[in-house]
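One line per chain: the protein sequences are A and B, in this order. If you want our numbering, it's the position in the first sequence, counting the first as 1, plus 2. If you want our numbering, it's the position in the second sequence, counting the first as 1, plus 207.
Think of the hints as simulated: they come from the structure by calculation, not from any bench. Treat the hints with care, since some could be wrong.
[Stated by the list, open to error] Sample of chain B residues with no beta-carbon within 10 angstroms of chain A, all distances over it, derived: (1) GLU300; (2) GLU318; (3) VAL320; (4) ALA335; (5) THR462; (6) LEU499; (7) LYS505; (8) GLU535; (9) LEU562; (10) GLN587; (11) PHE609; (12) PHE624; (13) HIS634; (14) VAL658; (15) ASP691; (16) TYR703.
[To be verified] Keeping only pairs whose Cα atoms sit at most 27 angstroms apart, straight-line, the calculated DSS-like set for lysine-lysine is: (17) B:LYS566 to B:LYS590; (18) B:LYS611 to A:LYS123; (19) B:LYS505 to A:LYS136; (20) B:LYS418 to B:LYS608; (21) B:LYS608 to B:LYS644; (22) B:LYS725 to A:LYS53; (23) A:LYS118 to B:LYS505.
On a predicted model such as this, the values are computed, not experimentally measured, just so you know. C-beta: ideal position from N, C-alpha, C; glycine also.
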Amino acid sequence: MRRGWVIDLEKCIGCRSCMVACKQHNGQPPGTWWNRVFTPGSRENQVAPEKGKEYFLPVTCQHCANPPCVKVCPVDATYSTEDGTVLIDFERCIGCRYCISACPYGVRQFNWEEPKKTLYKAGYVENYTYGYPKDFRKDGRLVYMPVRFKGITEKCHFCVHYYEEGLEPACVRGCPGGARFTGDLDDPESVVSKLIRDRDGFNLLPEKGTKPSCYYLPPRRKENLSYDF
Amino acid sequence: MPSRAFHDEPDLWEGPPEISPYPDRRAGKRLLARDVKTLSKEAENQKIPGYRDLFVIITDKGSAILNPESLEPTHAILDGEFTVDLKGGNSVEAQTVFTELKKSLKDYSLERVASVTDVPARQIERIAVEAATTAPLHIIFGASNYQWYHGDLKGRALALLVVLTGNIGKSGAGISTYAGQYKIRFNLKEWWSPKGGKLNWVPYLYFLNGKGSRYPKNGIKAMVGGWGNPFDQHNMANRLKNMALSGELEFILTTDIQMTTSCQWSDVVLPASTWYEKYDITATPAHPYLQLQQPAIKPMFESRSELWMVRELAKRIDPDFEKHFYPELDENDAALRVIETVLATGGPESEGITLEMLKKGPVRLHSTAPGDRQIPFYEQIHKRVPFPPVSYPAALDATAKFVKSGRIEFYKDEDLFLELGEQLPVHKETFLETEYKLDPDAKEKYRLRFVTRNSLYRVHSTHSNNVWLNELQGDMPKVFLNGDDARERGIGHGDYVEIYNGRGKTKSYAVIDPGARKGTLVFEQGWWARYLNNESYNSLTMPWIKPTHEVYFVPGIWSPNTCWNECLVDVRRAEL
Numbered sequence: 003m004r005r006g007w008v009i010d011l012e013k014c015i016g017c018r019s020c021m022v023a024c025k026q027h028n029g030q031p032p033g034t035w036w037n038r039v040f041t042p043g044s045r046e047n048q049v050a051p052e053k054g055k056e057y058f059l060p061v062t063c064q065h066c067a068n069p070p071c072v073k074v075c076p077v078d079a080t081y082s083t084e085d086g087t088v089l090i091d092f093e094r095c096i097g098c099r100y101c102i103s104a105c106p107y108g109v110r111q112f113n114w115e116e117p118k119k120t121l122y123k124a125g126y127v128e129n130y131t132y133g134y135p136k137d138f139r140k141d142g143r144l145v146y147m148p149v150r151f152k153g154i155t156e157k158c159h160f161c162v163h164y165y166e167e168g169l170e171p172a173c174v175r176g177c178p179g180g181a182r183f184t185g186d187l188d189d190p191e192s193v194v195s196k197l198i199r200d201r202d203g204f205n206l207l208p209e210k211g212t213k214p215s216c217y218y219l220p221p222r223r224k225e226n227l228s229y230d231f
Numbered sequence: 208m209p210s211r212a213f214h215d216e217p218d219l220w221e222g223p224p225e226i227s228p229y230p231d232r233r234a235g236k237r238l239l240a241r242d243v244k245t246l247s248k249e250a251e252n253q254k255i256p257g258y259r260d261l262f263v264i265i266t267d268k269g270s271a272i273l274n275p276e277s278l279e280p281t282h283a284i285l286d287g288e289f290t291v292d293l294k295g296g297n298s299v300e301a302q303t304v305f306t307e308l309k310k311s312l313k314d315y316s317l318e319r320v321a322s323v324t325d326v327p328a329r330q331i332e333r334i335a336v337e338a339a340t341t342a343p344l345h346i347i348f349g350a351s352n353y354q355w356y357h358g359d360l361k362g363r364a365l366a367l368l369v370v371l372t373g374n375i376g377k378s379g380a381g382i383s384t385y386a387g388q389y390k391i392r393f394n395l396k397e398w399w400s401p402k403g404g405k406l407n408w409v410p411y412l413y414f415l416n417g418k419g420s421r422y423p424k425n426g427i428k429a430m431v432g433g434w435g436n437p438f439d440q441h442n443m444a445n446r447l448k449n450m451a452l453s454g455e456l457e458f459i460l461t462t463d464i465q466m467t468t469s470c471q472w473s474d475v476v477l478p479a480s481t482w483y484e485k486y487d488i489t490a491t492p493a494h495p496y497l498q499l500q501q502p503a504i505k506p507m508f509e510s511r512s513e514l515w516m517v518r519e520l521a522k523r524i525d526p527d528f529e530k531h532f533y534p535e536l537d538e539n540d541a542a543l544r545v546i547e548t549v550l551a552t553g554g555p556e557s558e559g560i561t562l563e564m565l566k567k568g569p570v571r572l573h574s575t576a577p578g579d580r581q582i583p584f585y586e587q588i589h590k591r592v593p594f595p596p597v598s599y600p601a602a603l604d605a606t607a608k609f610v611k612s613g614r615i616e617f618y619k620d621e622d623l624f625l626e627l628g629e630q631l632p633v634h635k636e637t638f639l640e641t642e643y644k645l646d647p648d649a650k651e652k653y654r655l656r657f658v659t660r661n662s663l664y665r666v667h668s669t670h671s672n673n674v675w676l677n678e679l680q681g682d683m684p685k686v687f688l689n690g691d692d693a694r695e696r697g698i699g700h701g702d703y704v705e706i707y708n709g710r711g712k713t714k715s716y717a718v719i720d721p722g723a724r725k726g727t728l729v730f731e732q733g734w735w736a737r738y739l740n741n742e743s744y745n746s747l748t749m750p751w752i753k754p755t756h757e758v759y760f761v762p763g764i765w766s767p768n769t770c771w772n773e774c775l776v777d778v779r780r781a782e783l
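Okay, chain A solo, but in the shape it has when bound (with noise of 0.2 angstroms):
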């Protein structure tokens, strides 16, 4: 079994309500964003690329099979899981932010301040937090706590806390486009191993060789259109 996902270029509508579900249910602060959507060939969002066609680009962790961050964790709280699943390790992490560098994905993230300061900074009442409220531990490893300590890393988990009670991780489940399907891709016959193949599923950055879980289908939105105006 290798968890991996899916996300249809040719669905993504650019609304980023994956990076909003995803911010709220793992209680992301604020500057901190797990998933960002960009918008290839153009610096701003609603501005049309000057070449090429507009498309829409969800990036996260990639929950690479051969995973660059790993390699350089130097105290193992980096790891992955037996189904290819990247988590960090909130105990053992102690801030030295090599997995920062080595990811060619720029997803990971650091609390350089303590998480409850920030959010009062960003005008939130004093002590309010928001995300799924307890911790949880996979293997007796804290891998997600609804308030992070402070000079820790964080990035998506795969929201394995959901995916433990049998659901589809938030981003999944808060697209309105349908854009993002989850399974096991040593599975042929599963919905992201065909969608895949049929579809001609590709990785963001193969030639890094970190081979991503994370498979996108190319957008052919537009290709057909004949505008000629």
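With chain A's structure known, arrange chain B on it following the hints.
Only chain B this time, still in chain A's reference frame:
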């Protein structure tokens, strides 16, 4: 109807008491009764309402089309010039509106329209051909289209497209505005107290100006508001603040789900619970379903539902008033009772829909079209019900007075329209009667059109203070402009700039947008002034009132309009 001719012949407006109250129909029938010698008997007897007055102006030259069965070739009915002989021996020249429209359109060659609009002729032609040949055609127009001084002319011109191509009353066809045209507004008469009590609705601009029709003679001393942010977002916010500071406005109460600028200016703030914390029923302009909003969590902090607030206020004003708000029930149960009442008495759209049904999921509202389809003007076309259809929340009789003939009025036969030369939709130059009139130098000083569009990250100004949504925008208000306009002013992508005109200024970051039209500056409306160094983007705009806007008056829908987009500015680099 050839209304110009009738207008010039006032004696024709007098009619017997049994005639229609609508002026042009009355005039037509007057001719029918007395003046048209050559009228066929068939015309007098034909039974198709709405077409009757078309027949009136037809003489024996057009007798072939007096047979209702020959209605199909509508151009034959609609098109023509006639000499109508009057009993006194005089005659009057008449032409149909369609004929007059065709004549007026001769002024609008493809080349001229392309030149005026900057839209390539080929594109205009293509749209015209597609509009004429594609069925169904549905035009949806929003605020960017009509929030101009001559926005009413734009709306009328667009309406022509769907009507002339036969695209009304059919599934998928028609014309809609996306500006609060909800599929239902509940009739609250059953819950209204005191019974028979009436509101005096005054346009908001009249309130700020302290004068205008229906403005109370003793003025307005208290402001009780909610769910809006006029102390921040209105372009006469300064006037409102002055009214508060001077004591002219003696008491201000605001209820909202967030601490808006208006809350900060209020004497009393009542914190409202959000839609996830209370019961409500909701409908939208975008789909025909009614939904029950149910609380997912308990109200946060001190917030309460508006029903609870009003019940408590009512009790304090007069203990006897409390009985209207189900005092024996908690606020949730009371809300459900109110919902049951308005469902039962809300009108034909909600007939048969019960609370139990809504608890199971969204329920489709009823309509007069088959299968409860949402087909604009279905009744008017298929059941010959006079125009206009109801335009919620106004009562039908309030809007019907704008369409006195009960038909689609291509031709507006009212003094003001005649005076302005706007009997038919015509092109009028933007800014000529506004900015250039106010300041003849504006054309040189402020060379950019200032258009305020909706933001992807807010609902108008709601959520302007949402930390996450602001982060998604880089915590930076932005102005989008064309590369040529930017280069001309030495502005680069990401530069901090000041947008200014003779009325005000605001600052933001420049985004060079290849999609922005040259000469147009696009700003995302809704930013609260606190995020703009207290220099609101609306300090630049001006609440122009076009006289024809005052002909239409139904609060909240058709009323003196704030023409947000009728605004000229210029932009320059600024210091951080």
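Going down the list of hints, with the structure as the test:
Non-interface call for B:GLU300 relative to chain A: holds, since the shortest CB-CB distance, roughly 43 angstroms, exceeds 10 angstroms. Every Cβ of chain A is farther than 10 angstroms from the Cβ of B:GLU318; the closest lies at roughly 17 angstroms, confirming the non-interface assignment. Against chain A, the non-interface label of B:VAL320 holds: every CB pair exceeds 10 angstroms, the least being about 15 angstroms. Residue-level check passed: B:ALA335 sits 13 angstroms from the nearest beta carbon of chain A, beyond 10 angstroms.
The claim that B:THR462 lies off the interface holds: its Cβ sits roughly 20 angstroms from the closest Cβ of chain A, which is beyond the 10 angstroms cut-off. Chain A leaves B:LEU499 outside its interface by the beta-carbon criterion, the shortest separation being 21 angstroms against a cut-off of 10 angstroms. Distance to chain A confirms B:LYS505 as a non-interface residue, since its nearest Cβ pair spans about 15 angstroms, more than 10 angstroms. Against the 10 angstroms criterion, B:GLU535 stays outside the reach of chain A, whose nearest CB is about 34 angstroms from its own CB.
Its beta-carbon lying about 28 angstroms from the closest one in chain A, B:LEU562 satisfies the requirement of being farther than 10 angstroms from that chain. Listed as outside the interface, B:GLN587 is consistent with that label: its C-beta sits roughly 34 angstroms from the nearest C-beta of chain A, beyond the 10 angstroms cut-off. Even its closest Cβ contact with chain A, about 36 angstroms, leaves B:PHE609 beyond 10 angstroms, as expected for a residue assigned away from the interface. At the 10 angstroms boundary, the C-beta of B:PHE624 stays outside the reach of chain A, the nearest C-beta of that chain being 34 angstroms off.
No beta-carbon of chain A comes within 10 angstroms of the beta-carbon of B:HIS634; the shortest separation is about 21 angstroms. At the 10 angstroms boundary, the C-beta of B:VAL658 stays outside the reach of chain A, the nearest C-beta of that chain being 14 angstroms off. Distance check for B:ASP691 against chain A: the nearest CB is about 14 angstroms away, which clears 10 angstroms, and the non-interface claim stands. Annotated as non-interface, B:TYR703 keeps its C-beta farther than 10 angstroms from every C-beta of chain A; the closest such distance is 15 angstroms.
For the given pair, B:LYS566 sits about 34 angstroms from B:LYS590 by alpha-carbon distance, which is inconsistent with the 27 angstroms threshold. Distance hint between B:LYS611 and A:LYS123 is unfulfilled; the C-alpha atoms sit about 59 angstroms from each other, more than 27 angstroms. The suggested pairing of B:LYS505 with A:LYS136 holds, with an alpha-carbon distance near 20 angstroms, which does not exceed 27 angstroms. Annotation: proposed proximity of B:LYS418 to B:LYS608 holds, straight-line Cα distance about 23 angstroms (limit 27 angstroms).
Distance check on the hinted pair: B:LYS608 and B:LYS644 sit about 32 angstroms apart at the alpha-carbon level, beyond 27 angstroms; violated. Pair hint B:LYS725 plus A:LYS53 holds up; C-alpha atoms about 19 angstroms apart against a cutoff of 27 angstroms. The hinted pair formed by A:LYS118 and B:LYS505 meets the criterion: a straight-line CA distance of about 23 angstroms does not exceed 27 angstroms.
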